[in-house]
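**Q** This is what each chain is made of:
Number of protein chains: 2
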Amino acid sequence: IPLSRTVRCSCIKIDDRPVKPRALGKLEIIPASQSCPRVEIIVTMKKTEEKRCLNPESEAIKSLLKMVSKKRSKRAP
Amino acid sequence: IPLSRTVRCSCIKIDDRPVKPRALGKLEIIPASQSCPRVEIIVTMKKTEEKRCLNPESEAIKSLLKMVSKKRSKRAP
Numbered sequence: 001i002p003l004s005r006t007v008r009c010s011c012i013k014i015d016d017r018p019v020k021p022r023a024l025g026k027l028e029i030i031p032a033s034q035s036c037p038r039v040e041i042i043v044t045m046k047k048t049e050e051k052r053c054l055n056p057e058s059e060a061i062k063s064l065l066k067m068v069s070k071k072r073s074k075r076a077p
Numbered sequence: 001i002p003l004s005r006t007v008r009c010s011c012i013k014i015d016d017r018p019v020k021p022r023a024l025g026k027l028e029i030i031p032a033s034q035s036c037p038r039v040e041i042i043v044t045m046k047k048t049e050e051k052r053c054l055n056p057e058s059e060a061i062k063s064l065l066k067m068v069s070k071k072r073s074k075r076a077p
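So the protein sequences, as listed, match chains U and H. As numbered in my numbering, residues 1 to 77 make up the first sequence, in order. As numbered in my numbering, residues 1 to 77 make up the second sequence, in order.
These are calculated hints, taken from the structure and not from any lab test. Hints are not guaranteed to be accurate.
Since copy identity is lost for identical chains, a pair holds within one copy or between any two.
[What the hints assert, rightly or not] Keeping only pairs whose Cα atoms sit at most 27 Å apart, straight-line, the calculated DSSO-like set for lysine-lysine is: (1) Lys66 with Lys20; (2) Lys26 with Lys66; (3) Lys26 with Lys51; (4) Lys20 with Lys47.
With the hints as constraints, model all of the structure from the sequences given.
**A** Okay, here's the thing in structure tokens:
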């Protein structure tokens, strides 16, 4: 019997509400893999420790990621 | 007595070796906060589940983040 590849994504539903950078405690990116065919982005809110799954294609995520990667990297162009 | 703000960063040392996107199991971004003054990026390797702290300013991280945020977002400019 061939092993079935069970799909095990972490996110059940995607929350499209924007997340304020200040409220963000942690941002997890789980790349697509054999266990889940899509990229998953899970944020943990700082105060409540509530977890939310975000849409990787949303503008909110893109600006969050940009913010983080730009942080403290001041360089000449 | 005022509460002292103890510094509690997750990363002790930063690993500058590049991470292959395929080997990446999870990428965590922890923004700077009162408990740790710097952005921390922790990757978990897929097979070994080994955790590594990466330099947020490294090119390796920037391209990893770009890869993820570009994934499946095909749009007209």
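**Q** Checking Lys20 and Lys47: alpha-carbon separation at most 27 Å within a copy, between copies, both or neither?
**A** For Lys20 and Lys47, only the intra-copy Cα distance (12 Å) is at most 27 Å; the inter-copy one is 33 Å.
**Q** As a check of your reading, is Lys66 near Lys20 (CA-CA no more than 27 Å) within one copy, between copies, both or neither?
**A** both (14 Å within a copy, 21 Å between copies)
**Q** How would you classify Lys26 and Lys51 at a CA-CA limit of 27 Å: within, between, both, or neither?
**A** Classified as both: same-chain Cα gap 9 Å, cross-chain 16 Å, threshold 27 Å.
**Q** At 27 Å max between alpha carbons, let me know whether Lys26 reaches Lys66 within a copy, between copies, both or neither.
**A** both (15 Å within a copy, 18 Å between copies)
When held up to the earlier numbered hints, the structure conflicts with none and fits them all.
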